[in-house]
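With the hints as extra help, turn the sequences into a complete structure.
What follows is the residue order along each chain.
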Amino acid sequence: MIRDITIGQHFPGNSLVHRLDPRMKIILTMGYIVLLFLAANPGGLVLATVLLGILYRVAKIPLKLIVKSLKPILPIILFTVVLNLFFITGQGSPLFEMGFIKVYIEGVRYAVLMGVRIVLLIAGTSLLTYTTSPISLTDAIERLLSPLAKLHCPVHELAMVMTIALRFIPTLIEETDKIMNAQKARGAQLDSGTLQQRMKAMVPILIPLFVSAFRRADELAMAMECRCYRGGEGRTRLKQLRLTSTDWASFGVCMVIFAGIWATNLLFTGL
Amino acid sequence: MAAIIRAENLTHIYGQGMPDAATAIENLNFEIEEGEFVGLIGSTGSGKSTLINHFNGILKPTTGKLYVDGQDMWADPKQIRKFRFLVGLVFQYPEYQLFEETVEKDIAYGPTNMGLSPQEIAQRVQQAAQLCEIDSEMLKKSPFELSGGQKRRVAIAGVIAMRPRVLVLDEPAAGLDPEGRDNILSQIKAYHKETKTTVVLVSHSMEDIAKYADKVIVMNQSKIAMYDTTEKIFARAQELLQMGLSVPQVTKIFLKLRELGIDVPTDVYTIPYAVKTILAAKAAKEGGKV
Ligand SMILES: Nc1ncnc2c1ncn2[C@@H]1O[C@H](COP(=O)(O)OP(=O)(O)OP(=O)(O)O)[C@@H](O)[C@H]1O
Ligand SMILES: [Mg+2]
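Chains A and X, in that order, give the protein sequences. Letter by letter, the first sequence follows residues 1 to 271 in the working numbering. Letter by letter, the second sequence follows residues 1001 to 1290 in the working numbering.
Hints are supplied without guarantee of correctness; some may be wrong.
What the hints assert, rightly or not - Below are the SDA-like pairs computed for lysine to any residue, each with C-alpha atoms no more than 20 angstroms apart in a straight line:
| no. | chain 1 | residue 1 | chain 2 | residue 2 |
| --- | --- | --- | --- | --- |
| 1 | A | K68 | X | G1015 |
| 2 | A | K68 | X | I1013 |
| 3 | X | K1105 | A | K71 |
| 4 | A | K68 | X | A1021 |
| 5 | A | K71 | X | D1020 |
To be verified - Pair ranges (Cβ atoms, derived):
| no. | chain 1 | residue 1 | chain 2 | residue 2 | range |
| --- | --- | --- | --- | --- | --- |
| 6 | A | P154 | X | D1076 | 51 to 59 angstroms |
| 7 | A | R19 | X | G1015 | 37 to 45 angstroms |
| 8 | A | G260 | X | D1072 | 51 to 59 angstroms |
| 9 | A | W248 | X | G1015 | 32 to 40 angstroms |
| 10 | X | Q1079 | A | L241 | 51 to 59 angstroms |
No lab work stands behind these hints, which were simulated from the structure alone. Where a beta carbon is used, it is the ideal one built from N, C-alpha and C, also for glycine.
So this is what it looks like as structure tokens:
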């Protein structure tokens, strides 16, 4: 069901992962993503999976949750996998041949790597939002981007837009679910028919959804103004972000593991 | 009369198999007869909405069975749409489901999905609009320019236009002014009387339930605590109060009178009946004196 999507949700806790400085978490997550695409062999990806598994364990986030949130993205993953499977041509003879479809060993390898990568990508970024409250996330983004403010880039505003967007993902999902049910009760057919029919069937869902999103935006803007929000200028914080020795230690450990993952590229080049 | 809705060991667990699994309704067994007006009460979170979302197949029972018009609803999941037309469900705050350019078109959405002829649709829209007191001027307006109460009426008309055999309403009067409440509910009652449609009404207002329902289902902590005629339910005021529910004001007065040693019946729950019993008691007293 659509409610199963948990990306962008926050699960409060007090684990090491939760307490880590959000700036550090963002940088490490970005590093992790880059690494996923640099790691070109199974060994590296296995290591990356193990690392993420341990982090989920430490953060006490049930793995079931990530399985559940991956379900809706399954079509995308399958699509990528299948595409790679059929269109990568390798040397040597194909493993399997049927008409114009030829599957090579390289294709299988690439497809599996790609699938694992996407899963890890989503699981990794989800961990960031699961363990970081939207407020500290924006704070961190704002601080990381603060050098750009000198170039007259509205860093604070951008960060605020991002937080609000993140914050409203679950709300809008819930709302979509409600509206879908209401239209289903009036006989809407959402999951059958031709592509054109299905697109048409989305109209009764999208219109109320947009109307309600605009209403919410309006109410939120009003509430922000009532509390005298006027952008980031001269704004001080109750909780200042400060890097502790734990942060640096965690950073160091992660860097070593990252290096290890990258090094597998050099070790198993033959694979 | 035959049972239009029958539940057998109906259980629903949200997020089954997850660490946060919650049993919203547990092992319900009951029947709703065709042509009845049934009230559904229960404190917040007792599972009322979860239960009625099963009536037209929006939710699927985790275990147990639900029979509508004698047919097992989930025998063939592909046929579920048939039950959506048999049981019309008006959700809490239904005004957020409006989407068409005009009120008229929005009311016609359900009947159009049923695949009816244009004449039939037009006729049904007219009738449903009349029932919900939507005049022809309002029919041409955009649903987004209406007031909250008007939108609510349009949404209810949209379900009535499908002419379901069972009409289920989840707090149709929530957030309306007293006049709007009475209007909507008495229109539903009139519709029920006229068409013999079975109605299930979820409400937090004991006064409304007392006034309109013939029978009442009381839910408490995922289970059905009582299911009886309205007077018998409100005669068990003590139990209702323990569940965090209440009884109508008149019933409270009569209970107090009884506590004071005055011999009055305890099953009084509407004002007209209360007046009648008081007058009868007065007549008896005066008759006794002479
Ligand atoms: N989508 C959901 N996911 C998980 N749990 C849910 C969901 N919807 C309801 N619940 C839980 O199921 C229980 C019953 O909820 P339900 O909405 O049926 O109550 P209700 O009787 O309609 O309450 P109210 O009078 O407030 O409308 C509650 O404990 C609620 O937390
Ligand atoms: Mg409810």
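Original post:
Going through the earlier hints one by one, which of them does the structure break, listed in rising order?
Top reply: 3, 7
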